[in-house]
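Quick mapping for you: the protein sequence lines, in order, are chains Y and R. Residues 1 to 482 (the working numbering) are what the first sequence spells out, left to right. Residues 483 to 947 (the working numbering) are what the second sequence spells out, left to right.
A few of these clues could be false.
Across the chosen pairs, the derived CB separations fall in these ranges [claimed, not checked]:
#: 1; chain 1: R; residue 1: L753; chain 2: Y; residue 2: R23; range: 47 to 57 Å
#: 2; chain 1: Y; residue 1: G149; chain 2: R; residue 2: F742; range: 50 to 60 Å
#: 3; chain 1: Y; residue 1: T184; chain 2: R; residue 2: F742; range: 50 to 60 Å
#: 4; chain 1: Y; residue 1: A60; chain 2: R; residue 2: Q923; range: 26 to 36 Å
Selected chain R positions facing chain Y (Cβ under 7 Å, derived; list incomplete) [unchecked claim]:
#: 5; residue: S767
#: 6; residue: T874
#: 7; residue: I887
#: 8; residue: V889
#: 9; residue: S892
#: 10; residue: L908
#: 11; residue: G911
#: 12; residue: I916
#: 13; residue: G941
It should be emphasised that the hints constitute simulated quantities derived from the structure, not laboratory data. Everything numeric in this text was worked out from a predicted model, so none of it was measured. For each residue, glycine too, the CB sits at the ideal point set by N, CA and C.
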Amino acid sequence: MLTLLLILLPIAAGVLTLLSGERLAKQVALVSGLAVLGVSIATWLQFDPAAGTQFSFKYAWLASRGISFAAGIDGISLVLVLLTTFLTPLIILSAFNHDYRKPASFYSLILFMEAALIGVFTATDAFLFYLFFEAALIPVYFLAAIWGGENRLKVTFKFFIYTIFGSLLMLVGLVYLYYQTPGTHTSEITAFYALQLAKPVQGFIFWAFFIAFAIKMPLFPFHTWQPDTYTESPTPATMLLSGIMLKMGVYGLIRFLLPIVPGGMETWGTMAMVLSVIGIIYGSIIAIQQSDMKRLIAYSSFAHVGLMAAGVFSYSINGLQGALIQMLAHGINVIGLFFIIDIIYSRTKTRYLDQLGGITQSTPHLSVYFMILLLGSVALPLTNGFVGEFLLLSSVFQYDGWLGAIAGLTIILGSVYMLRMFQKSMFGPRSKWVEGFQDLTMSERAVLLPLVIMVFWIGIYPNTFLKLTEPAVSQLLQMVNN
Amino acid sequence: MYPIILLSVLGVVTLFLGFSKSKNVLLPAVLFFLVLAIASNFVEWNKGPLLYFYDMLRVDNLTLAFNGIVLLSAFMIVAISGGFQENPDSEPAEYFGLMLFSLVGALMMIGFEHMIMLFIGVEILSVAMYILTGSNKRNLRSNEAALKYFLMGAFATGFMLFGMTLIYGATGSFKLSHIHGFASNIQADAQPYILYAGLLLLLIGMLFKVSAAPFHFWTPDVYEGAPTIFTTFMSTIVKTAGFAALFRLLNTSFSEIYGFWWIIIATIAVLTLLVGNIGATSQNSFKRMLAYSGISHAGYMLIALTALTKPSQNAIVFYSLAYSLSTICAFGVLMLVSREKTLEGQPNERYEAFNGLAKQNPMLAFVLAVSMLSLAGIPLTAGFWGKFFIFTSAADRGIIWITVIAVLMSAVGIYYYFRVIISSYLKEGDLIKIRVAPFYQVILLLATFLTILFGLAPGVFEGLL
Numbered sequence: 001m002l003t004l005l006l007i008l009l010p011i012a013a014g015v016l017t018l019l020s021g022e023r024l025a026k027q028v029a030l031v032s033g034l035a036v037l038g039v040s041i042a043t044w045l046q047f048d049p050a051a052g053t054q055f056s057f058k059y060a061w062l063a064s065r066g067i068s069f070a071a072g073i074d075g076i077s078l079v080l081v082l083l084t085t086f087l088t089p090l091i092i093l094s095a096f097n098h099d100y101r102k103p104a105s106f107y108s109l110i111l112f113m114e115a116a117l118i119g120v121f122t123a124t125d126a127f128l129f130y131l132f133f134e135a136a137l138i139p140v141y142f143l144a145a146i147w148g149g150e151n152r153l154k155v156t157f158k159f160f161i162y163t164i165f166g167s168l169l170m171l172v173g174l175v176y177l178y179y180q181t182p183g184t185h186t187s188e189i190t191a192f193y194a195l196q197l198a199k200p201v202q203g204f205i206f207w208a209f210f211i212a213f214a215i216k217m218p219l220f221p222f223h224t225w226q227p228d229t230y231t232e233s234p235t236p237a238t239m240l241l242s243g244i245m246l247k248m249g250v251y252g253l254i255r256f257l258l259p260i261v262p263g264g265m266e267t268w269g270t271m272a273m274v275l276s277v278i279g280i281i282y283g284s285i286i287a288i289q290q291s292d293m294k295r296l297i298a299y300s301s302f303a304h305v306g307l308m309a310a311g312v313f314s315y316s317i318n319g320l321q322g323a324l325i326q327m328l329a330h331g332i333n334v335i336g337l338f339f340i341i342d343i344i345y346s347r348t349k350t351r352y353l354d355q356l357g358g359i360t361q362s363t364p365h366l367s368v369y370f371m372i373l374l375l376g377s378v379a380l381p382l383t384n385g386f387v388g389e390f391l392l393l394s395s396v397f398q399y400d401g402w403l404g405a406i407a408g409l410t411i412i413l414g415s416v417y418m419l420r421m422f423q424k425s426m427f428g429p430r431s432k433w434v435e436g437f438q439d440l441t442m443s444e445r446a447v448l449l450p451l452v453i454m455v456f457w458i459g460i461y462p463n464t465f466l467k468l469t470e471p472a473v474s475q476l477l478q479m480v481n482n
Numbered sequence: 483m484y485p486i487i488l489l490s491v492l493g494v495v496t497l498f499l500g501f502s503k504s505k506n507v508l509l510p511a512v513l514f515f516l517v518l519a520i521a522s523n524f525v526e527w528n529k530g531p532l533l534y535f536y537d538m539l540r541v542d543n544l545t546l547a548f549n550g551i552v553l554l555s556a557f558m559i560v561a562i563s564g565g566f567q568e569n570p571d572s573e574p575a576e577y578f579g580l581m582l583f584s585l586v587g588a589l590m591m592i593g594f595e596h597m598i599m600l601f602i603g604v605e606i607l608s609v610a611m612y613i614l615t616g617s618n619k620r621n622l623r624s625n626e627a628a629l630k631y632f633l634m635g636a637f638a639t640g641f642m643l644f645g646m647t648l649i650y651g652a653t654g655s656f657k658l659s660h661i662h663g664f665a666s667n668i669q670a671d672a673q674p675y676i677l678y679a680g681l682l683l684l685l686i687g688m689l690f691k692v693s694a695a696p697f698h699f700w701t702p703d704v705y706e707g708a709p710t711i712f713t714t715f716m717s718t719i720v721k722t723a724g725f726a727a728l729f730r731l732l733n734t735s736f737s738e739i740y741g742f743w744w745i746i747i748a749t750i751a752v753l754t755l756l757v758g759n760i761g762a763t764s765q766n767s768f769k770r771m772l773a774y775s776g777i778s779h780a781g782y783m784l785i786a787l788t789a790l791t792k793p794s795q796n797a798i799v800f801y802s803l804a805y806s807l808s809t810i811c812a813f814g815v816l817m818l819v820s821r822e823k824t825l826e827g828q829p830n831e832r833y834e835a836f837n838g839l840a841k842q843n844p845m846l847a848f849v850l851a852v853s854m855l856s857l858a859g860i861p862l863t864a865g866f867w868g869k870f871f872i873f874t875s876a877a878d879r880g881i882i883w884i885t886v887i888a889v890l891m892s893a894v895g896i897y898y899y900f901r902v903i904i905s906s907y908l909k910e911g912d913l914i915k916i917r918v919a920p921f922y923q924v925i926l927l928l929a930t931f932l933t934i935l936f937g938l939a940p941g942v943f944e945g946l947l
């Protein structure tokens, strides 16, 4: 029942936040987010990595069609649920210094988003997965469209249509697979795993899922919605999109594409791998040229997800383990970086590197947090980024030496744009935009400190999380290879 | 069966009540008898199949399900009409009488077992609707719409009648069961061309009535020109009855020659999806957009007809219900908003009329948003499951290509439905607080509640039919 609690609690919290009135909304939301995190940690403590899917529930939903309201948690689900529940209260807290209008609606949408995300990561019925996959889009759409920047209407509309389009293609694939299950049909994901599909059919199914997940991550060339949406969204929405929602796409590759259409992967996997690597390089090169810090991190995020996808497509235990640990690391680093940019923007009213400089003279603490999170992003040893990056690059290299070498450029390129950003904003002569820059507030430190702790925890002792996912990953690969 | 008798009598009585000076009694009386009709409708649940009027009308669970949808829709539409008290020119007794007669026609279409009964039902429904379309006597647009509707409708009815005649010539009967008997005895190598021609003509006539492409072109003008309350009636009750009749016709009598007609319906379904969805994207009038999107919804339901499986039956029933609930909400909110904002002396039915709706009228904005989400097929609304059942019925039959096209057209639909949500929630407007009658509010919230309920618990109906 822990899984059901994890899904229902944020929904109840969202309703409670909505009803609590504008004055108390943020506090109610924060306490609720922490409560969900508590349940998540309790789940973790009771979790046995070797035991497969646990804490499952299953209720008949459309019994005559074999469709259930069913969810459970295996190692892959668990790390993503932990990530989601860990980041959500931090995202809520990051908004505390802003006076977003209609705070009851704002914070409740964040919690509804959390519920949908947890639903995605735990659903064991394919149509329930689909429902949460699409439902996750609605709260973040409204967060971005109502509280976003000047171009928010056009930008978020494009994002919404694009993403829905991908979801609908996946729905066709799911419906098809559903009707391939023998006897009275079922939509249990494990039943899809057991199907023996002909090669051409696998190609079709591959594309139906690949496009949906590629848009969600996003993967080159399905990324065109992303930089504008990240930039125009209020920072909490950007954090939800980049820190967690992006992971839905990678999760989908692991949960659906790999086990269901290995033949399709065999046919199209190289193409997908090449697209992933192109995304890495392309995103990095564009990031180097950016002056808007938020847009820079958006492209950085795009580059990182390319590497995660490449790891998945490498079809290896290193690739999958690397992708999973990197999803954790990326979620933590990207949210921290977006938050720091938000802090800078709220005090200086600019995000342009040309206009910034010398911030470290006013607030050395911000500088330290910034540097740590930044080093995590560039995968310095002993930081969280290093472990995943190493596993991913080694898996891509084993897949194809040239692609691995090209992908490895991400470390150099990442260092270039990240250190350039740091240097131009924090060092150098103090610009007039930066005058009067106040030091960090208590709530700001309360967000950054847990993130920095996680940078080092994962960096120094990654096995805390790798051991959770390894049995599930091994089982998955074993099933695929038979 | 009881609703037909009850409402026929009520229609006649209503006309006579029009002579009395007191018009206030009309609305509650009609609503009361509609509730009675709904209740009496389900008296025969699980008792079927029953045959009446020399086996010309059939009552089974499917009949009662469709009856339930149109009766519920009628109740809601009559309720939001407010008894037509707003306009001093209106003739509420005549309007209610004609609506009730039209409703009887719909019930006959749903329950027909004999093609003459289908013809009579279509005509009773249609003639009443022609008059109601033109009921805004001083509005040229309304007059024009009525004339157009009448000419197109009469034309379509002619096709139907000719088709029925050929079918009679081929099979020797107007009864569905006899036609089925004939069709199932066709020799493997025989080509019953007269039967094929008759069916084709009959289908053309019926497809006119449900505004499927390429027989759709009357729809946008008629929907836009008619008073909105009657547009609501047309897009819900008329469409539901049309599809119920089509399903019964094809499923009962012509399933044996499925190989002949399925590709025709499939092609028309695709064409309808394209015309409806692409047409809707270019509209600036909300009402006209709903007309085109109504065409597209006919396309989705034609997909279920193409599949013609047991799940198709459930799909059409569920889809009709979801579509009707959302459409009543959409037009209901439009009626309130458009009369508050006028454009050149006429109600403003363009998208920008909704600008800023959420700020001053959050309840109306929410009702409208949920109806748009449901029509778009977004999860957590009944509309999602309606589309899901349509898609799965096509996949069940193995027609995957039509599912792909339908899915792509769904994405197009999201574009124009979200324009409304964007106007309501994200754009500034000078709308003031709109006064909504309490009963009106209850109806809108009830429909919205049902839309969400069926979105969360689609299994409520399963196993019923």
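- Query: For this structure, which hints from the list above don't hold up?
  - Reply: 3, 5, 7, 11 and 12
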